[in-house]
Amino acid sequence: MTIDTKEEKLRRKLNVSLDFIKKTRFVNLIKNINKIKVFDKNGYDTDVNVKTRVWYVQPKTIKYSSVEYLSSLFIHEAWHVEQEKKGLNPNGRTRTERGAYLKQRLFLELYGEQYEVDWLDKEYKRKWWLDKKRVLPKFKTLSG
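Numbering of the sequence shown is given in the numbering used here, commencing with residue 11 and proceeding in unit increments.
Derived by calculation from the structure, the hints in this document are not laboratory data.
It should be emphasised that the depicted structure is a prediction, and the values quoted were computed from it without experimental measurement.
One thing to keep in mind: the hints can contain errors.
Unchecked claim - Subject to a maximum C-alpha distance of 25 Å in a straight line, what follows is the list of computed SDA-like cross-link-like pairs (lysine to any residue):
#, residue 1, residue 2
1, 47, 13
2, 73, 97
3, 23, 55
4, 135, 123
5, 41, 135
Said to hold, decoys possible - Distance windows between CB atoms, simulated:
#, residue 1, residue 2, range
6, 40, 109, 29 to 39 Å
7, 70, 96, 30 to 40 Å
8, 11, 73, 16 to 26 Å
9, 19, 140, 17 to 27 Å
10, 50, 25, 25 to 35 Å
Beta carbons are placed, not taken as given, at the ideal position from N, Cα and C, and that holds for glycine.
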């Protein structure tokens, strides 16, 4: 897997996260992501292009997340790729977000801290994917 970042510290933490996932029952989801692209934007959003299988993640997200939480974000986005492979429409966001949230939550229940599960639950109830103020990266590669 390619990790596209200029910051070696971020690359190391992402590799630690991937190594952590390899020791879990979620190891099979690693194959769903071909590339990790670190993009510098103000915020903590992550996103995935299910067609190109590129996970977009911000430096702050990597720096300030525990390895377990960062790994759970990877699982969340890799699950969206799995949903695409199974023919689920990514435009039906509430349905696909629920599935990815549940996969991420299970990962955190098994390997993370309770406060991380609680925070994820709070964010899910807020319906982050419907947030009109949310700013996502604008890359040509996001659309295909």
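Now the hints, each set against the structure:
The straight-line distance between the Cα atoms of residue 47 and residue 13 is roughly 6 Å, inside the 25 Å bound, and the hint therefore holds. Annotation: proposed proximity of residue 73 to residue 97 is violated, straight-line Cα distance about 34 Å (limit 25 Å). Distance check on the hinted pair: residue 23 and residue 55 sit about 17 Å apart at the alpha-carbon level, within 25 Å; holds. The straight-line distance between the Cα atoms of residue 135 and residue 123 is roughly 19 Å, inside the 25 Å bound, and the hint therefore holds.
In summary, the hint linking residue 41 to residue 135 is not supported, as the alpha carbons are separated by about 29 Å, beyond the 25 Å threshold. Judged by the Cβ atoms, the range 29 to 39 Å given for residue 40 and residue 109 is violated: they are separated by roughly 18 Å. Our hint of 30 to 40 Å for residue 70 and residue 96 holds, since their Cβ atoms are close to 32 Å apart. Remark: the range hint 16 to 26 Å for residue 11 to residue 73 is upheld by a beta-carbon distance near 20 Å.
A hinted range of 17 to 27 Å is violated for the C-beta pair residue 19 and residue 140, which are about 33 Å apart. Hint check: residue 50 to residue 25, Cβ distance near 19 Å, so the stated range 25 to 35 Å is violated.
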